[in-house]
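Number of protein chains: 2
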Amino acid sequence: MRTEICDRLGIEFPIFAFTHCRDVAAAVSNAGGIGVLGAVGFTAEQLEVELAWLDEHVTGVYGVDLVIPSKYEGKGVEGLSPEELEAKLAEMVPQGHRDFAEKLLNDHNVPHLPDDEQVNQLLGWTATTVAPQIEVILKHPKAKLVANALGTPPDDVIKQIQDSGRLIGALCGSVKHALKHKEAGLDFVVCQGTEGGGHCGEVSSMVLWPQVIDAIGDLPLLAAGGIGNGRQVAAAMAMGAAGAWTGSIWLTVEEANVPPAQMQSYIEASSHDTVRSRAWTGKPARMLKNDWTEAWEAPENPKPLPMPLQMMVAIDGVKRGHRYPEQAKDVNFNPVGQVVGMMNKVERSADVVARLIQEYVDACERLNKLNDAL
Amino acid sequence: MRTEICDRLGIEFPIFAFTHCRDVAAAVSNAGGIGVLGAVGFTAEQLEVELAWLDEHVTGVYGVDLVIPSKYEGKGVEGLSPEELEAKLAEMVPQGHRDFAEKLLNDHNVPHLPDDEQVNQLLGWTATTVAPQIEVILKHPKAKLVANALGTPPDDVIKQIQDSGRLIGALCGSVKHALKHKEAGLDFVVCQGTEGGGHCGEVSSMVLWPQVIDAIGDLPLLAAGGIGNGRQVAAAMAMGAAGAWTGSIWLTVEEANVPPAQMQSYIEASSHDTVRSRAWTGKPARMLKNDWTEAWEAPENPKPLPMPLQMMVAIDGVKRGHRYPEQAKDVNFNPVGQVVGMMNKVERSADVVARLIQEYVDACERLNKLNDAL
Chain A
1 MRTEICDRLG IEFPIFAFTH CRDVAAAVSN AGGIGVLGAV GFTAEQLEVE LAWLDEHVTG
61 VYGVDLVIPS KYEGKGVEGL SPEELEAKLA EMVPQGHRDF AEKLLNDHNV PHLPDDEQVN
121 QLLGWTATTV APQIEVILKH PKAKLVANAL GTPPDDVIKQ IQDSGRLIGA LCGSVKHALK
181 HKEAGLDFVV CQGTEGGGHC GEVSSMVLWP QVIDAIGDLP LLAAGGIGNG RQVAAAMAMG
241 AAGAWTGSIW LTVEEANVPP AQMQSYIEAS SHDTVRSRAW TGKPARMLKN DWTEAWEAPE
301 NPKPLPMPLQ MMVAIDGVKR GHRYPEQAKD VNFNPVGQVV GMMNKVERSA DVVARLIQEY
361 VDACERLNKL NDAL
Chain B
1 MRTEICDRLG IEFPIFAFTH CRDVAAAVSN AGGIGVLGAV GFTAEQLEVE LAWLDEHVTG
61 VYGVDLVIPS KYEGKGVEGL SPEELEAKLA EMVPQGHRDF AEKLLNDHNV PHLPDDEQVN
121 QLLGWTATTV APQIEVILKH PKAKLVANAL GTPPDDVIKQ IQDSGRLIGA LCGSVKHALK
181 HKEAGLDFVV CQGTEGGGHC GEVSSMVLWP QVIDAIGDLP LLAAGGIGNG RQVAAAMAMG
241 AAGAWTGSIW LTVEEANVPP AQMQSYIEAS SHDTVRSRAW TGKPARMLKN DWTEAWEAPE
301 NPKPLPMPLQ MMVAIDGVKR GHRYPEQAKD VNFNPVGQVV GMMNKVERSA DVVARLIQEY
361 VDACERLNKL NDAL
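Protein chains in written order, with this note's numbering: chain A, 1 to 374; chain B, 1 to 374.
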């Protein structure tokens, strides 16, 4: 299953593991795949700490995932510092939305954060706030891969990353977006079907991947959305993918810094328990259905705001949910794909990688056996 | 790619083609797959004509697809003739719904049917109206396979079909339904992901198929939802499917009795142009998004009724759309899956079968090449 992108990165298996947890990223990289750390929740200073830790614990390479949305409120406002942009955007959030979110959390008895824990509302959700993150990445040679969620990265970012000898790619949920990525000169696309966790489009992996593969020609496609075992990896590779981009399955590994109560929610959920909702980030993302997602759907309630304003409303809920996961059980932010129905036990990250490979091999053998019988 | 179910049916390839058109069914059966005729739109008398034609034109075997929903309004009412049941159900349809449908069609200048074309409102949408269809099927030895949409068929139907030496299976969109099918003793399940055309659940093929395969063990799973080329067939088989159940792609073949204007709608549509809606049959089904589907979604308008009442409201629109497809372009019933984005030209049915096989072989070879490089 070794593909060209493995050679370019110097990894053994084209198994890409998106995670917000450095321990998981390191474990996957050290098991022959590549861990990709989601940077959106970190300030530049925090990201520096994470990457320094990864440098120390990863023998080969790892990746970093950024969020530079193509479209968001406040885009194109020049010359503001991250703090000034945050202040300006904060003024655009209706008080009614903040009150509604606050009431939802209070009605569920989710405690407030201690007063000394100030929440940074914007984090890495805009080009302005991502720029310092990129500076950090460039200081870490093992950070060999950069992926961008939510659109083609700006030309100067692409150039900066590629000139440094790194690969840069971006996520997409449609042929149109994939072609935009190709035109911009990206090194790969991560093509995610609607069943995927977090931000996703409307078209399923089975239908989307082959169309994008045909459209982008030689550019490597990493298949995302719905992959939780090696049979699905084999399916993706049979259709022409250059690798498998996984995310959800790393939420229930031993090393994940997911609170036990939240991990339990994932373990118990079936594939029917997710919803594609704008209720947390302002753009459609897949997550577990719960009282929070239902509340923002109800016709009589406020509607989710555009990105990043909704996240500025919701970030307090994210933080309180992370800190008090038991109380927040029914209003927590639980981004995950439909593959959650296959996540039924806690495994070690290295064991997941080994399992994916073994299941992949078994699937290929099954196929060959069928064909021998032809 | 020959699987056990091929041997049981006496077919060469496990390519199952669901279609409402006998010409397509015959062409697929004669090309080595098996055509499965959707019976829901036919009275028993009409079905007899279709199957007699198929007997004459198919060298091997074909299948018939029925609709016996597990749940529908009027279920369990004993001792009524089809005509009496229809009259009883007709009383349950609010006049406001009929008026709304009529206005929608008139606003789009879709002509009325000639007065002498009486529309049978219920057709094969209930157990009562399906019973005469089953009698017809049993008279045709080449009708070797029966599939039921929308639930496990009643025990007596299963026994009747199996005792006659035929195979009977049913569609499912969840593990729960698949297990119910298995428990009832069906010979196979057709497992359809949310991307599929017509009635479908919420979980995507990539995530659903492997879970159902694991749940049902030895029972053959025919993979449905999203399959339009042989790479997708290979993906399904790699995951453990016993065959590929296709539907949408037969809407744009040369032999299809789909009016040219409607076929053009399918050819032009992208994978982003479908919606899962209750607006035609009363149960969620995937179809092209248009003014009709939007109108039944708008908060201020009547809501779709449960099956089969909504179909009794909509059947006039189905018939008028079929007869006047150009005028009905924006309010026609266009059931199709997301794979519609891959349906970009009109092909002969036999060529589609040959293409699926060739693409399947190519995909398997690609996979083997990758593995040789390991």
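You may find that some hints are simply not true.
Pairs involving identical chains hold if they fit within one copy or between any two copies, as the list cannot separate such chains.
To be verified - Derived DSS-like pairs (lysine-lysine); straight-line CA-CA distance at most 27 Å: (1) LYS103 to LYS75; (2) LYS176 to LYS71; (3) LYS345 to LYS75; (4) LYS303 to LYS289; (5) LYS369 to LYS182; (6) LYS369 to LYS139.
Derived by calculation from the structure, the hints in this document are not laboratory data.
To see whether the hints hold, each was checked on the structure:
1. For a Cα distance limit of 27 Å, the shortest separation of LYS103 from LYS75 qualifies neither inside one copy, at 30 Å, nor across copies, at 44 Å.
2. For the homomeric pair LYS176 and LYS71, the shortest alpha-carbon distance inside one copy (15 Å) is at most 27 Å, but the shortest distance between copies (41 Å) is not.
3. In this assembly of identical chains, the alpha carbons of LYS345 and LYS75 never lie at most 27 Å apart, being 42 Å within a copy and 41 Å across copies at closest.
4. In this homomeric assembly, LYS303 and LYS289 come within 27 Å of each other (Cα to Cα) both inside a single copy, at 16 Å, and across copies, at 23 Å.
5. In this assembly of identical chains, the alpha carbons of LYS369 and LYS182 lie at most 27 Å apart only when taken from different copies (26 Å versus 37 Å within one copy).
6. With identical chains, the CA atoms of LYS369 and LYS139 are never at most 27 Å apart, being 49 Å at best within one copy and 38 Å at best between copies.
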